[in-house]
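Colleague: Protein chains in written order, with the working numbering: chain A, 1 to 554; chain B, 1 to 308.
Source of the hints: derived by calculation from the structure; they are not laboratory data.
Bear in mind that the values here come from a model prediction, so they are computed numbers and not experimental data.
Hints may contain errors.
What the hints assert, rightly or not - Looking from chain B toward chain A, a few residues come up when the C-beta cut is under 10 Å (computed): (1) 15; (2) 49; (3) 86.
Stated by the list, open to error - To list a few chain A residues with every Cβ distance to chain B over 12 Å, as calculated: (4) 39; (5) 66; (6) 97; (7) 121; (8) 154; (9) 216; (10) 269; (11) 276; (12) 353; (13) 371; (14) 404.
Claimed, not checked - For lysine-lysine, the following DSS-like pairs were computed, each having C-alpha atoms within a straight-line distance of at most 25 Å: (15) A:266 - B:55; (16) A:227 - B:55; (17) B:68 - B:55.
Quick reminder that beta carbons are idealized off the backbone N, C-alpha and C, glycines included.
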Amino acid sequence: MRRPRWLAAGAIPIAVALIISGCSSGGDEGSEDPGAGTGGDPAKNESVEVTVFGTEPERPLVPMDTSETGGGKIVDALFTGLMDYDPVSGQPREANAESFELTAPDEYTVKLKKDWTFHDGTPVTSDSYIDAWNYAAYGPNAQQHASFFAQIQGFDDVFTPDPDGVEGPQLPATPKTDKLSGLTKVSDTEFKIKFTKPHAIFKDKTGYAAFMPMPKSFFADPEAWKKNPVGNGGWKYVARVPDQELQVERYDDYKGEDKPKVKKVKFVFTDSDAAYADVKGNQLDFLDTVPPQAIAGNVWETDLPGRAKAYPVMAIQAIAFPLYDPKYSSADFRHAVSMAINREQITKTIYEGNRQPIKGYAMDKVPGYEDGACGDFCEYNPEKAKELFDKSGWTGPIQLTSNADGGHKEWIEAACGNIQEALGVECTFEPVQAFGQIRDAINARQMTQIYRSGWLADYPSVENFLNPIYRTGGSSNDNDYSNPEVDAKLAAADAAETTDEAYKLYHEAEELIAKDMPAIPLWNTPSISAWSERLTNVRLTPKRELDLSYVEVK
Amino acid sequence: MGRYVLRRMLQLIPVFIGATFLIYFLVWAVPGDPFTGMCGERPCPPQFVAAMNDKYSLNDNIVIQYVKYMSALLTGDFGQTYSEQSIGELISLAAPVSLRLAVVAVVIEAVIGITAGILTGLRGRGFLDNLVLVSTLFLIAIPTFVTGFVIQIVLGFQLEILTPTVSSKATWSELIIPGFVLGSLSMAYVSRLTRASIAENRRADYMRTALAKGQPKRRIVGVHLLRNSAIPVITFLGTDIGNLMGGAIVTEGIFGIHGVGRLVFDAIIDKQGAIVTGVVVLLVLVFLLVNLFIDLMYAVLDPRIRYD
Numbered sequence: 001m002r003r004p005r006w007l008a009a010g011a012i013p014i015a016v017a018l019i020i021s022g023c024s025s026g027g028d029e030g031s032e033d034p035g036a037g038t039g040g041d042p043a044k045n046e047s048v049e050v051t052v053f054g055t056e057p058e059r060p061l062v063p064m065d066t067s068e069t070g071g072g073k074i075v076d077a078l079f080t081g082l083m084d085y086d087p088v089s090g091q092p093r094e095a096n097a098e099s100f101e102l103t104a105p106d107e108y109t110v111k112l113k114k115d116w117t118f119h120d121g122t123p124v125t126s127d128s129y130i131d132a133w134n135y136a137a138y139g140p141n142a143q144q145h146a147s148f149f150a151q152i153q154g155f156d157d158v159f160t161p162d163p164d165g166v167e168g169p170q171l172p173a174t175p176k177t178d179k180l181s182g183l184t185k186v187s188d189t190e191f192k193i194k195f196t197k198p199h200a201i202f203k204d205k206t207g208y209a210a211f212m213p214m215p216k217s218f219f220a221d222p223e224a225w226k227k228n229p230v231g232n233g234g235w236k237y238v239a240r241v242p243d244q245e246l247q248v249e250r251y252d253d254y255k256g257e258d259k260p261k262v263k264k265v266k267f268v269f270t271d272s273d274a275a276y277a278d279v280k281g282n283q284l285d286f287l288d289t290v291p292p293q294a295i296a297g298n299v300w301e302t303d304l305p306g307r308a309k310a311y312p313v314m315a316i317q318a319i320a321f322p323l324y325d326p327k328y329s330s331a332d333f334r335h336a337v338s339m340a341i342n343r344e345q346i347t348k349t350i351y352e353g354n355r356q357p358i359k360g361y362a363m364d365k366v367p368g369y370e371d372g373a374c375g376d377f378c379e380y381n382p383e384k385a386k387e388l389f390d391k392s393g394w395t396g397p398i399q400l401t402s403n404a405d406g407g408h409k410e411w412i413e414a415a416c417g418n419i420q421e422a423l424g425v426e427c428t429f430e431p432v433q434a435f436g437q438i439r440d441a442i443n444a445r446q447m448t449q450i451y452r453s454g455w456l457a458d459y460p461s462v463e464n465f466l467n468p469i470y471r472t473g474g475s476s477n478d479n480d481y482s483n484p485e486v487d488a489k490l491a492a493a494d495a496a497e498t499t500d501e502a503y504k505l506y507h508e509a510e511e512l513i514a515k516d517m518p519a520i521p522l523w524n525t526p527s528i529s530a531w532s533e534r535l536t537n538v539r540l541t542p543k544r545e546l547d548l549s550y551v552e553v554k
Numbered sequence: 001m002g003r004y005v006l007r008r009m010l011q012l013i014p015v016f017i018g019a020t021f022l023i024y025f026l027v028w029a030v031p032g033d034p035f036t037g038m039c040g041e042r043p044c045p046p047q048f049v050a051a052m053n054d055k056y057s058l059n060d061n062i063v064i065q066y067v068k069y070m071s072a073l074l075t076g077d078f079g080q081t082y083s084e085q086s087i088g089e090l091i092s093l094a095a096p097v098s099l100r101l102a103v104v105a106v107v108i109e110a111v112i113g114i115t116a117g118i119l120t121g122l123r124g125r126g127f128l129d130n131l132v133l134v135s136t137l138f139l140i141a142i143p144t145f146v147t148g149f150v151i152q153i154v155l156g157f158q159l160e161i162l163t164p165t166v167s168s169k170a171t172w173s174e175l176i177i178p179g180f181v182l183g184s185l186s187m188a189y190v191s192r193l194t195r196a197s198i199a200e201n202r203r204a205d206y207m208r209t210a211l212a213k214g215q216p217k218r219r220i221v222g223v224h225l226l227r228n229s230a231i232p233v234i235t236f237l238g239t240d241i242g243n244l245m246g247g248a249i250v251t252e253g254i255f256g257i258h259g260v261g262r263l264v265f266d267a268i269i270d271k272q273g274a275i276v277t278g279v280v281v282l283l284v285l286v287f288l289l290v291n292l293f294i295d296l297m298y299a300v301l302d303p304r305i306r307y308d
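Could you build the full structure based on these sequences and the hints that come with them?
Modeller: Printed below as a string of structure tokens:
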């Protein structure tokens, strides 16, 4: 019961996951930001231990092996990579990298900032990165994030695919070497990354857990390291009690700009209902997403006046068509449904303006994203919708489905009302009991109804909203959407020589996707966070984590 | 007596092996691989899945897995979780908390339930009887999570006379309220069971005899009536200790208690078979020992029952 079922537990991986939290929220649009403060009390910052809600990590805290939020938020505290993301705008910025430049169309040269050290005092050098990336990519090391290195030269020599799939009895062959040939050390503070094809967008990815540096002690004795993780971030590991709590302390020799102000933080692993009660009673300092019992009837607003807020996170709400069902093969029908939904009205009436309609396949705070790729197809236009609908030859009622335990009923019913009114055809909401059930049906490609499908991206880049979902064979392409033009455009964007050009191509790919509309983008989905009375300077990062470097105690 | 206890102890062995094997088998009979879904919406690298299956010997035949597990268990090694934490440590942290919670709950339900049962059983119909009848009906009708949330909101937030949740230390005093919530349903059963048992035994032959011998009322009720009426109640309370230890998931969730129920529930969701079996091993032991103890109590309570 540690993790709320509606949050489907650690099952919500940072890696592109379905968002099941549904928030019907009120808010303080236009009023002052309750999280902003005038700063804390320096003495209390030193003495008070800030407690933050968390869930037990699913794996040891090795960054390249951590893909779920519970472990992810701790890994993010313990490590700082070459880049990180601005906690407010989500823009990537240099962190441990002094410079990160394209020196050839297919080659990046990284220069590291000097004097950075791991928590054990050893310096962070080019080798810390090269060794860590080699370790992560080398197949037999069995790291979850191995595929993040696929574009680097020599990946095929360190990672061999499984000849008969995961279920088959054959194991992948032992790779030729355990070093990526694309990584070359120039000096202790400089190294080059060579790609098989130009991959300008790579730079923006390197703030993600997969790309963290590792100290020498990890390679010498991984088991000992796992018992006492050593990172290079603003926080160092102190102690943990399994399934209960994990303590970290400010690393005073941290050279990054996001140096923490409070001295001690404790991640508390508990049930989210209990955590909510704790925050209310000031027993816990921070909860990133309040549970449904607090969302119903906007209870959180009265429970926690001035200490709760809806924050944007890298997440969007959408509904998808099971394209493998021939019923849904008409693009006119899919456009008709999209144009029948009045996004403005629903976000205003049900979410009281706390969510904004989106007109593309990602959200505003994501670098490289430009709203509007969807164009007229995402504008409310009942007449045009009806016209397209009549052309599509659809017969029978329209059914929308979702898990019943995530608070999605209200908006789906409202959307259904729009559809019914505009298209003159019966539309019903058919809830399924649990998220797991619907996930199973989606995985087995057995969906027959239009279904809800939200996204939470793992690093802020428009690339992460498109490639996994809309590319043929993409890891999360759940409705088997396939358009060679889109694939070509996305491939071109991946191989673009500059990020600007990449962003332009991604936008063009998005326009192509909107023409097919395999899924209908609706609005962004913020997260409602709550904190105790003693915290000030509170804000949530786009990754749905408390900004630990900003928070203070008053 | 000694031979009976020995025989019962020997019987524990096959029951223990059977129960643990069944649980081990059932945990892995649930469809789904614990590792393919671990990397979120991305498929996990095959090397990762293979390495994990190998590490936790999930490729072996279920019987071999079980034998491996049990032989490690005999040396005191409960194995590791997928996050490579010691399961023995997890259990040793959670079990005392759950045991304390269960003991608090049983004590509360025994004291309140038996008292209410005796009073109503002796007096028969009247205001008190109706009051207990209605309030127990009320307790039986409300699900635990309602009782839990209501008490938490009223006492914790509105009256502010206690902290709404239990700290990770889970001291005895902190567990009184959760214990009350947890025991409230059983409390209703205990009071009804006691009442029925007393009302029935009140008319028993031995009661009339004792009365005819002119014994004082206190002795008749305290020794003759209560002792004989206690058997069904003790049986109920005994099995309840085990139930409350493993089945307090809802209460543990509301009050944020790090107990065995939450541990096993999460483990089932994550398919951490080793944790589930480890906890069940413990619960089976508790059940078996408590049952043995209760059977021995029968002989103490009812002179007609003899072992050997």
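Colleague: If a hint holds in the structure, say so; if it doesn't, say that too.
Modeller: Against the structure, the hints come out as follows:
1. 15: 29 Å, violated
2. 49: 5 Å, holds
3. 86: 7 Å, holds
4. 39: Correct as stated: the minimum Cβ-Cβ distance to chain B is 29 Å, above 12 Å.
5. 66: The claim breaks: residue 66 of chain A does not keep its Cβ more than 12 Å from every Cβ of chain B (closest is about 10 Å).
6. 97: 26 Å, holds
7. 121: Residue 121 of chain A clear of chain B: closest Cβ-Cβ about 25 Å, beyond 12 Å.
8. 154: 17 Å, holds
9. 216: Consistent with the label, residue 216 of chain A stays out of reach of chain B, its closest Cβ about 21 Å off (over 12 Å).
10. 269: Answer for residue 269 of chain A: violated, closest chain B Cβ roughly 8 Å.
11. 276: 10 Å, violated
12. 353: For residue 353 of chain A, whose nearest Cβ neighbour in chain B is about 29 Å away, the distance exceeds 12 Å, so it holds.
13. 371: Holds, because the least Cβ-Cβ distance between residue 371 of chain A and chain B comes to about 24 Å, which exceeds 12 Å.
14. 404: Residue 404 of chain A clear of chain B: closest Cβ-Cβ about 18 Å, beyond 12 Å.
15. A:266 - B:55: Given pair residue 266 of chain A, residue 55 of chain B is violated - Cα atoms ~31 Å apart, limit 25 Å.
16. A:227 - B:55: 18 Å, holds
17. B:68 - B:55: 13 Å, holds
Checked against the numbered hints above, the structure breaks hints 1, 5, 10, 11 and 15 and satisfies the rest.
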